[in-house]
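Residue numbers (the working numbering), protein chains in the order written: chain A, 13 to 470; chain B, 13 to 470; chain C, 13 to 470; chain D, 13 to 470.
Hints listed in this document are in silico derivations from the structure and should not be mistaken for laboratory results.
None of the hints are false.
The list treats identical chains as interchangeable, and a pair is accepted whether it falls inside one copy or across any two copies.
In silico DSS-like links for lysine-lysine, alpha-carbon gap of 27 Å or less:
1. K337 with K52
2. K65 with K337
3. K339 with K350
4. K350 with K438
5. K177 with K52
6. K373 with K337
7. K119 with K146
8. K233 with K52
Note that this is a predicted model, so its numbers are computed, not measured.
4 protein chains.
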Amino acid sequence: MFGIWGHDKAAEITYYGLHAMQHRGQDGAGIVINNGENLKLHKDVGLVNDVFKRVNFADFPGYAAIGHVRNATQDDGIFDNVQPLVFRSLSSSTAIAHNGRIMNAEKIRRNLEEAGSIFQTTSDTEVLAHLMKKMNGKNTTEEAIIAGLKQLVGAYAFLILTEDKMYVALDPRGIRPLSLGRLGDAYVVASETCAFSIIGATFEREVMPGELLTISNEGLKSTRFLLREPRKLCAMEYVYFSRPDSDLNLVNVHTSRKRMGIELAREHPVYDADVVTGVPDSSISAAIGYAEQCGLPYEMGVIKNRYIGRTFIQPSQELRDQGVKMKLSPVRGVVEGKSVVMIDDSIVRGTTSRRIVRLLKEAGAKEVHVRISSPRIENPCLYGIDMLTKKELIAANHTNEEIKDIIEADSVEFLSIEGTEKAIVKDKTINQGICAACMTGNYPVLENDQRKEFYRKY
Amino acid sequence: MFGIWGHDKAAEITYYGLHAMQHRGQDGAGIVINNGENLKLHKDVGLVNDVFKRVNFADFPGYAAIGHVRNATQDDGIFDNVQPLVFRSLSSSTAIAHNGRIMNAEKIRRNLEEAGSIFQTTSDTEVLAHLMKKMNGKNTTEEAIIAGLKQLVGAYAFLILTEDKMYVALDPRGIRPLSLGRLGDAYVVASETCAFSIIGATFEREVMPGELLTISNEGLKSTRFLLREPRKLCAMEYVYFSRPDSDLNLVNVHTSRKRMGIELAREHPVYDADVVTGVPDSSISAAIGYAEQCGLPYEMGVIKNRYIGRTFIQPSQELRDQGVKMKLSPVRGVVEGKSVVMIDDSIVRGTTSRRIVRLLKEAGAKEVHVRISSPRIENPCLYGIDMLTKKELIAANHTNEEIKDIIEADSVEFLSIEGTEKAIVKDKTINQGICAACMTGNYPVLENDQRKEFYRKY
Amino acid sequence: MFGIWGHDKAAEITYYGLHAMQHRGQDGAGIVINNGENLKLHKDVGLVNDVFKRVNFADFPGYAAIGHVRNATQDDGIFDNVQPLVFRSLSSSTAIAHNGRIMNAEKIRRNLEEAGSIFQTTSDTEVLAHLMKKMNGKNTTEEAIIAGLKQLVGAYAFLILTEDKMYVALDPRGIRPLSLGRLGDAYVVASETCAFSIIGATFEREVMPGELLTISNEGLKSTRFLLREPRKLCAMEYVYFSRPDSDLNLVNVHTSRKRMGIELAREHPVYDADVVTGVPDSSISAAIGYAEQCGLPYEMGVIKNRYIGRTFIQPSQELRDQGVKMKLSPVRGVVEGKSVVMIDDSIVRGTTSRRIVRLLKEAGAKEVHVRISSPRIENPCLYGIDMLTKKELIAANHTNEEIKDIIEADSVEFLSIEGTEKAIVKDKTINQGICAACMTGNYPVLENDQRKEFYRKY
Amino acid sequence: MFGIWGHDKAAEITYYGLHAMQHRGQDGAGIVINNGENLKLHKDVGLVNDVFKRVNFADFPGYAAIGHVRNATQDDGIFDNVQPLVFRSLSSSTAIAHNGRIMNAEKIRRNLEEAGSIFQTTSDTEVLAHLMKKMNGKNTTEEAIIAGLKQLVGAYAFLILTEDKMYVALDPRGIRPLSLGRLGDAYVVASETCAFSIIGATFEREVMPGELLTISNEGLKSTRFLLREPRKLCAMEYVYFSRPDSDLNLVNVHTSRKRMGIELAREHPVYDADVVTGVPDSSISAAIGYAEQCGLPYEMGVIKNRYIGRTFIQPSQELRDQGVKMKLSPVRGVVEGKSVVMIDDSIVRGTTSRRIVRLLKEAGAKEVHVRISSPRIENPCLYGIDMLTKKELIAANHTNEEIKDIIEADSVEFLSIEGTEKAIVKDKTINQGICAACMTGNYPVLENDQRKEFYRKY
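Chain A with its partners taken away, still in its complex shape:
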């Protein structure tokens, strides 16, 4: 999610900003540009490059823009749900981009539909537009947004663009990441700071939990729309979701990962191993940390094929059975006859880990000790990272010993919660804390109703 206000190449800058955050969503992309008169939308399913390959940005002038990359958590991969969403009335237009999950969206929607409203999408993002519209008679847009946000329960970061302002809002716990920067005179907002670095912008500060920023030609105005609670930024952003060059809540992601590797080595060393290797790309930092802490050589035991793309033809089961590999291949020259420590950033279903253990053993590894640089994931995420249920999570249903057997490893150990916090949280007074609900079951945001619904569902 990326926004900019006050730059005459707003659409292009947004394109590069989204491009830097492509890893956050590969199912769709869109940009809405404010050209001073109205809002112009270009969006489609697919990667940023593909969506914009035929766009000539000269035909797309404007001064402000918001953009979004979509990660389809459910199989609703339809065009309509690709964001930003734009809502046009006879008098004005509003564009909305959203990252996170509104937990009471369905309930709000049901009420609105009964009163005669028609929804355009199945996206939880759309409820905010309708809540705003219901207010818009006698209120300013800002008042309508605040009234709408107060009815939402969940984890969210919103960018809202109208003909004359850009609004930026973060949920009261700050579960999703959102940073503010400057590019010359322009304001920029992004889910990750790697977007600032790619466009040459400077980091200004984090958007605060419960804060609404109103950005216009008069400058920036900050409003606290809900009482701020201690920040609980999603731990999985550090573990695997964000880019290593981003700083989240003032902590560099690569550095936090390397520290997780170091903590992991302290907690669960393998002294008699020959080499340490990591699963590319997100586990490399932790693997190097682990190797340094243990004094073992770090080697490339597994190579990722860089050319797997949308058009790659998947091998048939028959060919896979014959040994045709796809995304990852082992480096025989490195692992043959060796005792290998394989660092992975997390285990969700366990299927990927098993595939890699098998690859290494087929390539001649004598032993494979799996070390995971995050805790056991035993609970579903309610805040938008994915939509897995408890049943699908291997650690929710198995001990370490059982997991070891399932993934065919010689041993398996996980980093502790304490180790994870130590690696991520520099200083409680500065970056406060993390949301580790998927590891601990301690959900920072949950309505009574949701709680019941949640236990019924998962």
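We have chain A already, so just place chains B, C and D on it with the hints.
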């Protein structure tokens, strides 16, 4: 370059083999399949995935196939030159794929055209087809190939497919890599062994310098068509061109690179640096070796954007001047305020190195010490790696001190030739030697005429 | 516009039905299929063939469907406005296709938006969906549709598809064409009967003015939702819009056109001409009628290029000035040295007529007498045929004599209103009358407000 | 086939010229442009519009060009065979476009291949390039072309473009059409004069049988390369192949067709019929002539769907059995209860005629009398119109009475050879005669060898 004889999914296997070697050529790809009756070609400009995305391999049955990925060394990016080339006459067809460079191709072509032959491409590969055609009255195809090869001067690996046989040939010095493997009963041939690993094949042996293999339903036959000389496999294949998981001439590429990093640390240590970093992806192995040898932490100081593809919209000069980055971005959290050792695998023109030094300094690096894990490249390659002239090579025209100033680094040092050989050549009796002509000027293959022409041109 | 209920190849049949009516709208096409559980939409801008070229109808099973081809009367050529429109709520879905124009749509929309509704399109069709939604608490869908329709003023034909029924409605004057047919046990509905003939269906009857048909698995039910007034089917459907093989309101279009030509010959003969020619394709029938009545030879004086399509590269002005032609070319061998009667079906702006007169004269025609097989068009259409204003209509601003000079003809005459009626209306008790508002200014449907607005606007 | 010399928009003009002649070949298109330095080719399979839709003619500057549309007579629809063919050597380039058929091409090719030449295509056109290449040591290009042409037997029209000249050649009988025109100072050449009319060029004269034109910046030079024999222009060009607005050998095609209809009415009238109708588009002229001569009304009994294109989805057999129609549909309002004379331009296999007779009868026609405005086609064409064998020609195997039964008509009659000649040949001293070999079996060009081979094959 990939070939297979004796597998009922020949086209698909070739697709995966080429895919594993995509890094060897990104300008075009093609596969010729032998379906028992005739040769069927599918080729186009572009990446393997793009070229074959609409191909249904079920419509492309066959028992043998050869494939090629094209690296357009010159700006001749035309469809016709994409390989394999197929030559059809009323009585038979021949497909040819070639890796390397035929130094006397133009001279041969001129003679043939004067005698009335019409060429279809501007590729040096085509001369072999015409030399073979001129022989084909009273000779076997094998005799025609040998007669043709004997007229060629250069570095070459050829795959030739006819309706009833597959031929494999390597130049007398073995400058280009070429390996033989088995996949069940089938024979496979590939430029790099990573192709074997991706398809589940086993490595059998290197094709020998000056050897012609004839593979058919009767099995494999080896002929020595020219006196074998000590092998001189191209050093740049180890330095940056090949994939780390390939074994070239029995030596693993990642391992040789890590050893180059270790040798480099021995020759040119930087004792008071804070971190070691490498330019992704080809310099990572060396950087880790360097860091381990020096006892310094290895960190990700530079990140490569994985989503740059054909459809990426390049930023305008105006945006680049404003700081918009493309392929690489520095990790501020890692380099800010630090003294950084930056390992790169080679310096050719020096422009990339300068860009990275600048990125690191902009991100706050206090000092940047550049260490190159290969020797100074002072001479053009005549054997197909690229077509740069002496004028374009920074090391051919500048001392280390000058290079340091040009790339804006705090110091620059190169690995020695001896260190390079030590890292690559395990044992002279086994893998003999390397072609380091671009570093030493000592060209293993050169006709008298070529020699003159060469000095006139470069 | 096409609908079918009760056929297991509903989507395919709809495709062929739309294809037969491609001439009614070339800017977009869509089909909504009812697969027994929900509504599935496929639509896009472009011709029917292009929109559906990648669709495999086997993936699109269903039992009922509605489809639409879009004629963008205004430059709003956006994807969203392509029909059918689909409205989904948590409990049900509704698809709507519409042909015609709702004159009070903007007023209704403004009221709904003030009450908090959000519209998805700029199409006048969408108001019916919102009017229905507002009713849907305590009413059946049928009651909601009737309540909605009663609020609309204009000329309209609607197809509405829900999970369990298909609804068909025609405005109280029956200005737009709409016929009912049978295909085996299935019911089919189409704007023109040529769609029936292409799919092998039989014509059953016209949909009546002010009639709502409800079609479901229980069969067909007819409701009169507004008092029926004498039918006034749009005359321009006969003049040029419909296909010659369609029967509109029980009269064949080709036959009515030929009769217009015959009437025109009676009213305005040219006795000393050499040949009669017509502008392809819509004027050919009239030209043949004219020639037969006058006893003059009919010849192809002008040829239409059949291969002009979306991808045709328009000649630059420079090339057009040099004589490069596009769509039409004269047949010199037919017109050189001749006195030509050129029959055209209508004159709107006059630019096309002038172009053809010029073509004929450049090809050597001695004289060109233009005869128009419809009356002078002096008033804008308010019912959906086009959106031209009075200012743009040549006959609203010029006498025949002036038009003759503007289009550079030797004489110009028009068919009278009486002649037109005589050619179209077989029998007042059967097919009643026509809407000739654009010719006479006598608008059959007009609110007081509209009247004022209309005179302000046009 | 189109060529131009001396115009600064040569490529664009050629595009429009080819577009006008799209009906001559719909399987591929190409243009070669001479930009003063070298020849640049753009070609592909598909229609002219599709092949050039992404071409920006500004990137394609030049002063001379040749273009071709390909009619794949055999199922060899491969890219390589699309013309013009371009042959490049180290010293020069030659482009060739060809219309017709070289009967001894295979024999020549066999000899050349045995001497070591490699062919690029399976096209008979390529032999001329090789014959020229073999000569090019000591001769001018013109001498090489003449020497090559003298070895060819068949019907041919050639356009040859080199860096400095354009050559135009026609076979000694002039079986294929070829006209010369002027566009300002530029020379233009086209298979049909409709191409001149579309680009605003004037007709100059026919290219003569056995004539070679050499066009360059020095102007036009004419050489007789073979003794001219009386011209025998292909009758089928008049019957159905050419466009009605073209003049072939000084006779307008529409006019000749109308005269064929008139002659047909004289030879085979149907006095008690109600209406005359024609199969669109090529039979309309004849049908009008027939109707005028008989004094019967001409009506549109059959409509052709204008939107059938490459992307049209063909109905399945199941749907066709249910009555779904494709290309043609009958006009019930015109034919129901009537006795219909259906004029078709020719009967080849008889399948199309039967389909139309059935359509008319299903639409209620009482009687269908088929009248064919050309003679019975009893012999295969050897000169490039199509590749049917005697076995496939209905008239080669059946009497009129039998044909009547096969196509389910009430009567069938054909125009006589004499009537055909009378309609086409104005004046033996001016346009001489026609090739009616397919009707009479009297082949104007045939080698002894060919004769034997011919009787063996067909």
